[in-house]
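Chains A and B, in that order, are what the protein sequence lines are. The numbering of the first sequence is the working numbering, which starts it at 1 and goes up by one. The numbering of the second sequence is the working numbering, which starts it at 1001 and goes up by one.
No wet-lab data here; the hints were simulated from the structure. As the structure is a prediction and not an experimental result, all values here were calculated from the model. Cβ coordinates follow ideal geometry from the N, Cα and C atoms, glycine included. A hint or two may mislead.
Within a straight-line C-alpha distance of at most 20 Å, the following computed SDA-like cross-link-like pairs (lysine to any residue) qualify [unchecked claim]:
| no. | chain 1 | residue 1 | chain 2 | residue 2 |
| --- | --- | --- | --- | --- |
| 1 | A | Lys126 | A | Lys164 |
| 2 | A | Lys126 | B | Lys1082 |
| 3 | A | Lys342 | A | Gly304 |
| 4 | A | Lys85 | B | Pro1131 |
| 5 | A | Lys216 | A | Ala264 |
| 6 | A | Lys216 | B | Pro1131 |
| 7 | A | Lys126 | B | Val1121 |
| 8 | A | Lys85 | B | Val1152 |
| 9 | A | Lys342 | B | Ser1139 |
| 10 | A | Lys126 | B | Pro1125 |
| 11 | A | Lys216 | A | Ser319 |
| 12 | A | Lys126 | B | Val1133 |
| 13 | A | Lys216 | B | Lys1082 |
| 14 | A | Lys85 | B | Trp1117 |
| 15 | A | Lys85 | B | Pro1113 |
| 16 | A | Lys342 | B | Trp1136 |
| 17 | A | Lys342 | B | Asn1130 |
| 18 | A | Lys342 | B | Pro1131 |
| 19 | A | Lys126 | B | Gly1111 |
| 20 | A | Lys342 | B | Ser1135 |
| 21 | A | Lys85 | B | Ala1120 |
| 22 | A | Lys164 | A | Tyr56 |
| 23 | A | Lys126 | B | Ile1114 |
| 24 | A | Lys126 | B | Leu1122 |
| 25 | A | Lys342 | B | Ala1132 |
| 26 | A | Lys216 | B | Ala1120 |
| 27 | A | Lys85 | B | Val1121 |
| 28 | A | Lys342 | B | Val1133 |
| 29 | B | Lys1082 | A | Ala264 |
| 30 | A | Lys126 | B | Pro1128 |
| 31 | A | Lys126 | B | Pro1113 |
Listing some non-contacts, in silico: residues in chain B with all C-beta distances to chain A over 12 Å [said to hold, decoys possible]:
| no. | residue |
| --- | --- |
| 32 | Leu1026 |
| 33 | Pro1049 |
| 34 | Arg1177 |
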Amino acid sequence: MAAKSTGPSGSALRWLGVAAAPAALALGFLWAGGWLSPNRVTQNRLMGELHDAGSYGQGFRRAHSKGVCVTGRFDASGAAASVSKAAIFHEQSVPVVGRFALGAGQPYVTDNPATVRSMALRFMPKDAPEWRAAMNNPPVLPLRDAQDASDFFSSQRIDPATGKPDPARVKAFGAAHPWLQAAAEKNAHRVITSGFADDTYHSLDSFLLVGETGTKTAVRWAMVPVQLVAPADTAAGGRDYLFQRLIADIHDHPLQWHMVLTVAGPHDAVNDPSQIWAQDDRTIDAGTLTLSAVESEDGGPCTGLTFDPLVLPPGIVASADPILQLRSGAYMRSFSLRSGEKRGPSAITPAMTQAPAAESEKKS
Amino acid sequence: MKPIPAFSPLARVLHWLMAVMILSMLFIGIFMASSLGPSYHRLVSLHRPLGIAILVLALLRLTYRLRHAPPPLPNDLPAVLKLAAKGSHILLYALMIALPLVGWGMLSAGGYPIPLWGNAVLLPPILPHNPAVWSWLRSIHTVLAFTLFGLVLAHIGAALFHGLIRRDGVLQSMTGRKTPL
Ligand code: HEM
Ligand code: HEM
Ligand code: HEM
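Extracted from the complex, chain B is given alone in its bound form:
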């Protein structure tokens, strides 16, 4: 069997950079939203710009992805798994874009000023002031964040399944390591 070619260096850098950012954001989010402690405000102030950075990177990454086909999955991968891989990747992209937009939109609807950096640089509101929409989007932000977390866990499990059980070179296509384990 021919080894699978690797993702391009740019695709790999974006993947790993965003993996670290998204995992950090999920942990910062869940921690701060349950917290009333001394780091609450600092974390919220970090959560907003980091989330917006993820939005920008995700849009760049999606544009790049639509122009550069990824390496093919192994031929012998069962069709269901291929479908699951494809579907989960689409969902991951969708959530990387939707979650920060919901975060931004909910604070807009809540009538909050949305500082991006310090308290002088503000984001403009993207939704009109509407408290019912604020409350609804605030719940949606939680639901989407938990969905993303579940999906990331499954994704990591799948990547390790490729790397440790199937050893079919899919994990290496993203780590960039040439020699199989």
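Here chain A stands alone, though its shape is the one from the complex:
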């Protein structure tokens, strides 16, 4: 060995030097991965909280687990062309793949009109990057950031004794988050419609539209039905009656929605989805969505992808709303977990989405 002897203490110091750099890096790595910060809301922690709140897993989406695929097109009105250069606001007949779902994490849950309903869309213009959007029917989101979301989902933890969330924990969440009260009340008093076809779906989060010259316009949007709105039935139907009604409706005639953009007024909170916007904000009818076909998730085109709200085309960028970041990370994690798992059949099978005749037989 060429090592020059420097005495035992000098050599110990040198060995310490050799070990210190890798050890410091390893420690830094543990910190960056969240292992040294038990209070950090990590992707794994959120997935655990969803699981404990009753999410079924096993190959299904960790939330919005029961759904159907739909396809159709979007036709821009041109009215939003001046505020965004996105192809979707300029073109006609942009192909769309979508998904209607119930917000619950259980793929075999019984349909209930009070459960959150959702519409997710993937717009695929021919010569421009795609856009994915996922929307819910409540008008506002009673969550402000990742910590609120983590607190909320842990308050929904299923009590094994009752099979339901512990009401005391649910109440405690409300009490500990007074800033969410206005949003929660607004949602509690929302109009509940008869089904998927006559519902309005909201972006909830805010985005910035970017114009040709770089102008930025903060917006939220809603998909507003062309179909006549009817109130929800008081008597409940069968397990899948909301989906069966949607399938029958689409087979009967294409369903349409207007994409209505709401432009943020001077007092509207862009970075906090729990804040309700002013009633007199300017709106823009950006175009019409037409959905003309429905398929089961089993083999359907909406299963092998996730409607990550940060998959955005040129002309639309994320606002600083922290929930967008949370959703993007959570959807990717849910998508990678479920794609690696063995999955049972969906509640809404290919047989159910195909034949309107078989569908009406089941109703009787």
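Starting from the known structure of chain A, fit chain B with the ligands onto it as the hints suggest.
What follows is chain B with the ligands alone, placed relative to chain A:
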């Protein structure tokens, strides 16, 4: 004993530039993949182009390396250590190339658009859309990244072992410093 000649300036620049980039990428990766915080999207948007830049540099570096033999290791280095040095260098090259390819491939298989810069410049998919492959590659990306990190730690330990314990000029061959410690 004759002092070991240094790596060429180009080899050294590439080595140190990539060392900084790869260490940054490992930390960005592990941080963002556990994060749901306000910088998540910005980090993912940085992770992709930085990873692709590493891929391009690694291919250039490998081409250069195959044409320019590195300085020899000291004669008195035990054969096992020589083998370990050689093997670990081959593995480092393999991972510098495989990891970004797996990252790119997994997003392709997941059906994600893969923005390289802003949201207008996209990378083309390199694998067909297949969710099972996406999930599998996503795990492989983690396994390979952790392997690379472990290897880099051992590599740094070995470099410091050469520099502080053996003081045989190997560390200087990469730092470019002429006089031994
Ligand atoms: C705030 C916390 C939220 C969490 C933790 C969360 C979590 C999730 C997860 C894990 C999925 C499954 C993703 C997949 O596997 O592909 C999902 C789906 C979905 N989320 Fe969220 N989400 C949140 C907020 C929202 C908001 C604010 C909206 C609407 C504006 C929304 C709309 C949707 C829709 C529509 C789907 C279903 C997409 C589909 O049909 O594939 N979520 N969510
Ligand atoms: C030398 C290059 C690269 C290194 C060292 C690297 C490192 C990492 C690490 C350490 C993680 C975290 C793994 C985990 O904790 O599960 C990660 C995640 C990830 N990487 Fe890479 N990566 C590289 C290249 C790429 C490339 C080129 C892409 C895409 C084009 C990419 C896309 C991703 C994605 C999408 C994730 C997951 C993010 C999430 O789960 O939220 N990586 N990477
Ligand atoms: C991410 C970090 C790093 C990577 C991926 C990396 C990679 C490599 C590779 C592939 C070689 C072989 C060069 C060749 O034969 O073509 C090498 C050599 C070398 N590296 Fe690194 N390195 C990293 C960080 C470091 C650090 C931090 C140090 C110093 C503390 C260092 C010191 C050396 C030395 C001294 C050599 C020459 C070894 C020899 O001649 O056999 N490296 N490195």
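Check your understanding: Regarding the pair A:Lys126 and B:Pro1128, is the alpha-carbon distance no greater than 20 Å?
Key -> Status holds; Cα separation ~19 Å.
Exercise for review: Verify the proposed pairing of A:Lys216 with B:Ala1120, using a straight-line Cα cut of 20 Å.
Suggested key: holds, 17 Å
Check your understanding: Within a Cα-Cα threshold of 20 Å, do A:Lys342 and B:Val1133 meet the stated pairing?
Key -> holds, 13 Å
Exercise for review: Given the hint that A:Lys85 pairs with B:Trp1117, test it: the Cα-Cα distance must not exceed 20 Å.
Suggested key: Answer holds: A:Lys85 to B:Trp1117 is near 17 Å, not above 20 Å.
**Study point:** Given pair status - B:Val1152, A:Lys85, alpha carbons within 20 Å
**Key:** The hint is violated at about 45 Å.
Exercise for review: Verify that the Cβ of B:Pro1049 lies farther than 12 Å from every Cβ atom of chain A, and report whether the claim holds or is violated.
Suggested key: holds, 16 Å
Practice item. Take the C-alpha atoms of A:Lys126 and B:Ile1114, compute the straight-line distance between them, and say whether it is at most 20 Å. Key: holds, 17 Å
Practice item. Compare the distance between the alpha carbons of A:Lys85 and B:Val1121 with 20 Å, and conclude whether the hinted pair is satisfied. Key: holds, 15 Å
Check your understanding: Going straight from one Cα to the other, do A:Lys216 and B:Lys1082 come out at no more than 20 Å?
Key -> violated, 59 Å
Review point. Are the Cα positions of A:Lys85 and B:Pro1113 separated by 20 Å at most?
Key: holds, 19 Å
Check your understanding: Taking only the CA atoms, is the gap from A:Lys342 to B:Trp1136 under or equal to 20 Å?
Key -> Judged against 20 Å, a Cα distance of about 13 Å means the pair holds.
Point to revise | Holds or violated: A:Lys342 to A:Gly304, with C-alpha atoms at most 20 Å apart | key: Since the Cα atoms of A:Lys342 and A:Gly304 sit roughly 13 Å apart, the hinted pair holds (cutoff 20 Å).
In summary, the structure is inconsistent with hints 1, 2, 4, 6, 8, 12, 13, 29 and 32 from the numbered list given earlier, while agreeing with the others.
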